[in-house]
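Undergrad: What follows is the residue order along each chain.
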Amino acid sequence: MIEVTSQQKYDPEELLDKASEILGAAITSSEIYRNDVVIEVPIDDLRSAMERLRNDPDLDMAMLVDITSVHWPDDERQFELVYHLRSLSNNLIIGIKSRLGEGDSAPSLTPLWKAANWQEREVYDLMGITFDGHPDLRRILMPEDYPWHPLRKEFPIEGPDFPIDAYQTDAHHKVEKDDFWDDPD
Amino acid sequence: MATDTQRDLNDTTEREMVLNLGPQHPSTHGVLRVLTELSGETITKATPDIGYLHRGVEKLIESKLYAQGMTYTDRTDYTAAPAGNVGYILAVEKLLGIEDQIPDRAHYLRMIVSELARIAGHLVWIGTHGLDLGAMSMFLYAFREREKVSGLFEEGSGARLTTNFFRVGGTGRHEDPPGWLDHVEEFANGFTIDDFNIILTENEIWKVRTQGIGVISAEDAINYGMTGPCLRGSGVAWDLRKARPYCRYDEVEFEVPVGEDGDVYSRFLVRLNELYQSTSIIRQCVVRARELRGEPSNIVNANVVPPEIERVTGWEPSDVTGDMEAMINHFKLWIEGYSPPKGDCYMAVESPKGELGFYFVSDGTGTPYRCHIRAPSFVNLAALPQMVEGNMIADLVATIGSIDIVLGEVDR
Numbered sequence: 001m002i003e004v005t006s007q008q009k010y011d012p013e014e015l016l017d018k019a020s021e022i023l024g025a026a027i028t029s030s031e032i033y034r035n036d037v038v039i040e041v042p043i044d045d046l047r048s049a050m051e052r053l054r055n056d057p058d059l060d061m062a063m064l065v066d067i068t069s070v071h072w073p074d075d076e077r078q079f080e081l082v083y084h085l086r087s088l089s090n091n092l093i094i095g096i097k098s099r100l101g102e103g104d105s106a107p108s109l110t111p112l113w114k115a116a117n118w119q120e121r122e123v124y125d126l127m128g129i130t131f132d133g134h135p136d137l138r139r140i141l142m143p144e145d146y147p148w149h150p151l152r153k154e155f156p157i158e159g160p161d162f163p164i165d166a167y168q169t170d171a172h173h174k175v176e177k178d179d180f181w182d183d184p185d
Numbered sequence: 001m002a003t004d005t006q007r008d009l010n011d012t013t014e015r016e017m018v019l020n021l022g023p024q025h026p027s028t029h030g031v032l033r034v035l036t037e038l039s040g041e042t043i044t045k046a047t048p049d050i051g052y053l054h055r056g057v058e059k060l061i062e063s064k065l066y067a068q069g070m071t072y073t074d075r076t077d078y079t080a081a082p083a084g085n086v087g088y089i090l091a092v093e094k095l096l097g098i099e100d101q102i103p104d105r106a107h108y109l110r111m112i113v114s115e116l117a118r119i120a121g122h123l124v125w126i127g128t129h130g131l132d133l134g135a136m137s138m139f140l141y142a143f144r145e146r147e148k149v150s151g152l153f154e155e156g157s158g159a160r161l162t163t164n165f166f167r168v169g170g171t172g173r174h175e176d177p178p179g180w181l182d183h184v185e186e187f188a189n190g191f192t193i194d195d196f197n198i199i200l201t202e203n204e205i206w207k208v209r210t211q212g213i214g215v216i217s218a219e220d221a222i223n224y225g226m227t228g229p230c231l232r233g234s235g236v237a238w239d240l241r242k243a244r245p246y247c248r249y250d251e252v253e254f255e256v257p258v259g260e261d262g263d264v265y266s267r268f269l270v271r272l273n274e275l276y277q278s279t280s281i282i283r284q285c286v287v288r289a290r291e292l293r294g295e296p297s298n299i300v301n302a303n304v305v306p307p308e309i310e311r312v313t314g315w316e317p318s319d320v321t322g323d324m325e326a327m328i329n330h331f332k333l334w335i336e337g338y339s340p341p342k343g344d345c346y347m348a349v350e351s352p353k354g355e356l357g358f359y360f361v362s363d364g365t366g367t368p369y370r371c372h373i374r375a376p377s378f379v380n381l382a383a384l385p386q387m388v389e390g391n392m393i394a395d396l397v398a399t400i401g402s403i404d405i406v407l408g409e410v411d412r
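First to last, the sequence lines map onto chains A and B.
Residue 116 in the numbering used here is what sits at position 116 of the first sequence, and the numbering runs on without skipping anything.
Residue 131 in the numbering used here is what sits at position 131 of the second sequence, and the numbering runs on without skipping anything.
One chain only, chain A, in its complex shape (with noise of 0.2 Å):
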């Protein structure tokens, strides 16, 4: 059986090494905050730089762990995906990172792990980035007829199709004939 230790192949200092040599010059910045390592590639990279840190036999980072976006509405580039990848044989863990601008769109990764088709379709219904090449991309939490994307920062916590008035009361003569209650007398 195979045994489950704490034990690290490198330390977060020798990854990012690592890494840099296998990508090279698609890394546009890298950090490691709080110990975990991050690199940020160019959105064009990220599909073969995913693949070439999946095939890599000295890292084998062989799960997708995790997809999911960020919106900076003020920069020019409004999009962020963070993807995290995890090795399970070498127990590591990185951050990758890429931009996007609005009506851009990123290369699926349906290709390469399974796991990427209901989390791209996760990002893609609640921020609105399309993928390139996925088999099946739909909205999956929200209704398939809904016209917004609720994680972006101009959406509103109560949304955009909240009645204003919706808590008013009859006082202020806002709601008149109201379906839902039925004449006292």
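Every clue listed holds true.
Not everything, but these chain B residues come out facing chain A in the computed CB check (under 8 Å):
hint, residue
1, Lys59
2, Asp239
3, Lys242
4, Gly343
5, Tyr346
6, Gly357
7, Val361
8, Arg370
9, Arg374
10, Ala382
11, Asp411
In silico EDC-like pairs for lysine to aspartate or glutamate, Cα to Cα no more than 16 Å straight-line:
hint, chain 1, residue 1, chain 2, residue 2
12, B, Lys64, A, Glu158
13, A, Lys18, A, Asp58
14, B, Lys342, A, Glu31
15, A, Lys9, A, Asp56
16, B, Lys342, A, Asp36
17, B, Lys64, B, Glu336
18, A, Lys153, B, Glu62
19, A, Lys114, B, Glu219
The set of hints was computed from the structure by calculation and includes no laboratory data.
For every residue, glycine included, the Cβ atom is placed at its ideal position computed from N, Cα and C.
Following the hints, put chain B in place on chain A, whose structure we already have.
TA: For chain B alone, coordinates are given in the frame of chain A:
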């Protein structure tokens, strides 16, 4: 355009039938809808349709203070709420950079509660899983035990289901009440999986219904990103408590149960053994927590941990106010919260369902700029079509039960 989940149910050929399962179906464990295409009784295609319980938890957390956002983690995986609480707390502590300062006593109490949560979550699973497959009495045995765990949660935090256990920076006011550790130990010593073994493990009918059903290989499980008992059931020994020990899991002894066949029965055995391992961890932690009695369980950091409430209100009932500085500190913490420095981090814990990860982005204010919950149920459920296609329709229910999904966590 008719999409996969909106297709006309009458649009069938002679050989094929489309069967809609859910969302209001008791064996889908909530509001999961699965659209199945059948050829005879064999499933040719299964399309899960989720989102019926979507409440926008991530968006809601982004509009609240860090301390307020924690309440939503009770409502994601509601069968094991404290596991979500502990994951959230550890992620915020990592973001604040105070994870090294947390006292040992707080860590041991968190571990006790995490493992109680694992027992509570697995007991719901084994009860409903048995019920789905016709072992009616299993439900009653499992919920009899779960009632005791809920009682311990109530004694420790005041709530049975939405516990909101512990606080960032330690345990908060959740010091263990007098006798609580004794009650926990009494439960851990009295808890046995013998009943479940007698009813299910050696039961011929149970074996026929579960062995060789819903098989997923180790390669596929990794490719789908499956974690927790679903991954271990396929033979991959991977447990974040061992691989990346958080709290003080590196100081207790326990084994990681691993299955072999990747079928429903393997996942069943893995979870059953985890129940046993959890009681062992609890017993070790209770001993350590007793040794540390009297030690602090919160860090000394007025920017994160509020002052004792008696310092604010006064120690005597006749006092009108207490310490002015304490009152200001208390007020500022509850109105503005604590502000982690700008940056982002990902922190994952081994919840009963798998890897529960929190990804936080801080912009230096008291509310998270972005909070993403990596829900294990959501990722594990994505593999359902692969696991059931080619199986019989009756096995669909067994497979859904063995993934152990909680729709509150799938839909968030």
